[in-house]
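So you can see what is in the structure, the chains are spelled out below.
There are 2 protein chains.
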Amino acid sequence: MMTIPVGDVRNVATLALQKASVPMEHVIEQLDLLMEAELRGVPSHGLLRLSRIIRRVRNGVADAKTSGSHTWRAEAFLEVDGERGLGPVVANSALKVLMERAKKTGIAVAGIRNSNHLGMLGWYAERVATSGFTIIALSTSEALVHPWGARKAMLGTNPIAVGIPTGGLPFMMDAATSVVSMGEIHDHANRNEPIPPHWALDAQGNPTTDAKEARKGSIAPFGQAKGYALGIAFELLVSSLAGAAIGREVSGTLDDTSVCNKGDVFIVIDGPHRDLQAYLQEIRSMDPADGFSEVLIPGERGRACRERRIAEGVPMAEELWTEMQILAGLKNAA
Amino acid sequence: MMTIPVGDVRNVATLALQKASVPMEHVIEQLDLLMEAELRGVPSHGLLRLSRIIRRVRNGVADAKTSGSHTWRAEAFLEVDGERGLGPVVANSALKVLMERAKKTGIAVAGIRNSNHLGMLGWYAERVATSGFTIIALSTSEALVHPWGARKAMLGTNPIAVGIPTGGLPFMMDAATSVVSMGEIHDHANRNEPIPPHWALDAQGNPTTDAKEARKGSIAPFGQAKGYALGIAFELLVSSLAGAAIGREVSGTLDDTSVCNKGDVFIVIDGPHRDLQAYLQEIRSMDPADGFSEVLIPGERGRACRERRIAEGVPMAEELWTEMQILAGLKNAA
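Here the protein sequences line up with chains A and B, keeping their order.
With this note's numbering, the residue at position 148 of the first sequence is 148, and numbering never jumps.
Position in the second sequence (from 1) plus 334 gives the number in this note's numbering.
Careful, some of the hints might be misleading.
Distance condition first, Cα-Cα at most 30 angstroms in a straight line; then the derived DSBU-like pairs of lysine-lysine [stated by the list, open to error]: (1) B:K353 <-> B:K665; (2) A:K104 <-> B:K486; (3) A:K96 <-> A:K19; (4) B:K353 <-> B:K399; (5) A:K65 <-> A:K103; (6) A:K19 <-> A:K331; (7) A:K96 <-> A:K65; (8) B:K438 <-> A:K103; (9) B:K353 <-> B:K430; (10) B:K430 <-> A:K103; (11) A:K104 <-> B:K437; (12) A:K212 <-> A:K152; (13) A:K104 <-> B:K665; (14) B:K486 <-> B:K438; (15) A:K103 <-> B:K486; (16) B:K665 <-> B:K399; (17) A:K216 <-> A:K152; (18) B:K399 <-> B:K430; (19) A:K65 <-> A:K19; (20) B:K438 <-> A:K96; (21) B:K550 <-> B:K486; (22) B:K399 <-> B:K437; (23) A:K212 <-> A:K19; (24) A:K96 <-> B:K437.
Stretch by stretch, here's where chain A covers chain B in the computed footprint (C-beta under 8 angstroms, at least three residues) [unchecked claim]: (25) 408 to 422; (26) 616 to 622; (27) 640 to 652.
Bear in mind the hints are in silico, worked out from the structure with no lab data behind them.
Please read all numbers here as calculations on a predicted model, not as lab measurements.
Backbone N, C-alpha and C define an ideal beta-carbon position, used for all residues, glycine too.
Here chain A stands alone, though its shape is the one from the complex:
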């Protein structure tokens, strides 16, 4: 791993997206998202995705120019056709009008289809909460997770993010309904390390701790039957409200050539505010249990990581950094 100053990482990634003819204002949105994932220590949602985004633009399954088209199905229900736009560009455009509408109606919802991968959901939640709104964000993905008690994948990793104004920095949580991401299983496989029990099944639906076998199989829902119940609820809800594909029909979040047909739902609320700082501080200052050094508030470890990396630089695999420089036209492919 190398450590690269944040400015250098951003400049090279900017050049790479510009070379793919992404308009500058959309470069900024797409990179804000990918950089935030790197800064907060979620590399699976970071610049690792840059080359795929560029290939998808070149292959015409991502349209870097559009920010989607909006139709108000009802006064507080926005239907968004992403028109194959970049995930964060389409989402930010929808969130902007949702916040505006929620000021009037108190709550507004968007169902988004035909848009590319949203990336780290928590990024949207934190921005909306920083603007003074409460948000619930949901997204679906390709079938990687097995229903509780089944042998094969059928559900997406179906993450949820929640953002809430607190009177200080906003509260933000972001979690997939799978026990881990497929990225983490690939990472173990690449390092020839076993995975913990109960993470995954192999292709035949039997429990495995071999990451290479798990890669061909399915991931467990988090929290057993309850996490499965949440994951399927979010999948059904998003598919209905966004008019998006469901289960094994979903494609285009993991490849370079399929149109992305998953869905996203944002619920934005302009509600009464409350100072939640004292309560959060009460939790932070609790005695930690055996094996823990502190009691954490969700989202805050990522925020601390962000501060460090802005000061010290972003750790990055040499191959990824080389790939980015090639995409930016600063190096020739070997």
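Starting from the known structure of chain A, fit chain B onto it as the hints suggest.
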């Protein structure tokens, strides 16, 4: 355990509530809720609660006459002061106007404070979804759950229920964000049975499998850090939007004499519909994993139980049945 015909159970419970001067239309709502919990195999949310409800009415911390007062904070944001009303009476009244409003705005939300225990959240979710709306229901409760990595209780069991129209019977899931309910721990303690590891901590914050020690301690969030993140998100969201108490301030869901100051939030959506039956059937017909006999859809085991119990009667502890008959004035207290 005895098995009592559904009609007999309902008649005795009706008399008990009438004797406490609950108006007949509110008796029906309160009993529909409690009976559904019994029928679906969730006795912790069933008639076990009847005597507490009656004592709370008699003690003036529950007002059986009111259905709460409504203020539209914005066009699609309903503020509800429950005026100490019965949980299901206040909730049903709010849901009725939310559905009406969502037909116009597409989505509407209610924040409810000063209302009594909602009982089984899934009951509301299923009814609203049966009426053709999507619903997310959240409620807070007294601090029984420890933050992940902490030694003491700070969070409520903070359940979520989701209801979604499917083209056939609605989808409904309902889960607390704790690994189990405190009722289940009490149940183990009463039967002198140990609890599984990782369910609970004792009063000193150490892991225990002794149900009697766990009863004095705290319950784990389900799914470790992720379930904790969801639980705290729901607690902050409900407390903000409903203007309700938070954490250890919450009281009145487990005793006879405190005003109930937790909050509830309902989000009701009149969205596009989609036939989800084929997808649900695809999941039901998946090969079960080792140790499972079938792959279940959330909510359906409860529904099957309901059918059986309507036909065969409700299993009930003799003490509870006796208590109900005494409350109904059909038996004298021993």
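Evaluation of the provided hints:
1. Note on K353 of chain B and K665 of chain B: the hinted pairing holds, with a Cα-Cα distance of about 13 angstroms set against a maximum of 30 angstroms.
2. A distance of roughly 41 angstroms separates the Cα atoms of K104 of chain A and K486 of chain B; the hinted pair therefore is violated under the 30 angstroms criterion.
3. With a CA separation close to 28 angstroms, the supplied pair K96 of chain A and K19 of chain A stays within the 30 angstroms bound.
4. Distance hint between K353 of chain B and K399 of chain B is fulfilled; the C-alpha atoms sit about 14 angstroms from each other, no more than 30 angstroms.
5. Proximity of K65 of chain A to K103 of chain A is assessed by CA-CA distance (about 29 angstroms); at most 30 angstroms being required, the pair is judged to hold.
6. Proximity of K19 of chain A to K331 of chain A is assessed by CA-CA distance (about 13 angstroms); at most 30 angstroms being required, the pair is judged to hold.
7. Of the supplied pair hints, the one linking K96 of chain A and K65 of chain A holds, its CA atoms being roughly 18 angstroms apart against a limit of 30 angstroms.
8. Restraint check: the Cα-Cα separation between K438 of chain B and K103 of chain A comes to about 17 angstroms, which is no more than 30 angstroms; the hinted pair holds.
9. Proximity of K353 of chain B to K430 of chain B is assessed by CA-CA distance (about 28 angstroms); at most 30 angstroms being required, the pair is judged to hold.
10. Distance check on the hinted pair: K430 of chain B and K103 of chain A sit about 24 angstroms apart at the alpha-carbon level, within 30 angstroms; holds.
11. Straight-line distance between C-alpha atoms of K104 of chain A and K437 of chain B comes to about 17 angstroms, which keeps the hinted pair within the 30 angstroms bound.
12. For a cut-off of 30 angstroms, the pair hint linking K212 of chain A to K152 of chain A stands: about 16 angstroms separates their Cα positions.
13. The hinted pair formed by K104 of chain A and K665 of chain B fails the criterion: a straight-line CA distance of about 57 angstroms is larger than 30 angstroms.
14. A threshold of 30 angstroms between alpha carbons decides the hint, and for K486 of chain B with K438 of chain B the separation of about 45 angstroms lies outside it, so the pair is violated.
15. With a C-alpha separation of about 39 angstroms, the suggested pairing of K103 of chain A with K486 of chain B is violated against the 30 angstroms cut-off.
16. With a C-alpha separation of about 27 angstroms, the suggested pair K665 of chain B and K399 of chain B falls inside the 30 angstroms cut-off, and the hint holds.
17. Proposed proximity of K216 of chain A and K152 of chain A is supported: the alpha carbons are some 10 angstroms apart, at most 30 angstroms.
18. Taken as a hint, the K399 of chain B and K430 of chain B pair is honoured in the structure, with Cα atoms around 18 angstroms apart against an allowance of 30 angstroms.
19. Between K65 of chain A and K19 of chain A the alpha-carbon distance is near 14 angstroms, which keeps this suggested pair within the 30 angstroms criterion.
20. A hinted pair counts as satisfied when its Cα atoms are at most 30 angstroms apart, and K438 of chain B with K96 of chain A qualifies at roughly 22 angstroms.
21. Among the hinted pairs, K550 of chain B with K486 of chain B is consistent with the structure: their alpha-carbon atoms are about 10 angstroms apart, no more than 30 angstroms.
22. Restraint check: the Cα-Cα separation between K399 of chain B and K437 of chain B comes to about 29 angstroms, which is no more than 30 angstroms; the hinted pair holds.
23. With a C-alpha separation of about 35 angstroms, the suggested pairing of K212 of chain A with K19 of chain A is violated against the 30 angstroms cut-off.
24. A distance of roughly 24 angstroms separates the Cα atoms of K96 of chain A and K437 of chain B; the hinted pair therefore holds under the 30 angstroms criterion.
25. Look at the stretch 408 to 422 of chain B against chain A: 5 of its residues bring a Cβ nearer than 8 angstroms to a Cβ of that chain, three or more, so the hint holds.
26. Requiring three or more residues with a Cβ within less than 8 angstroms of a Cβ of chain A, the coverage given for the stretch 616 to 622 of chain B holds, as 5 such residues are present.
27. Counting residues of the stretch 640 to 652 of chain B whose CB lies closer than 8 angstroms to any CB of chain A gives 0, which falls below the minimum of 3, so the coverage claim is violated.
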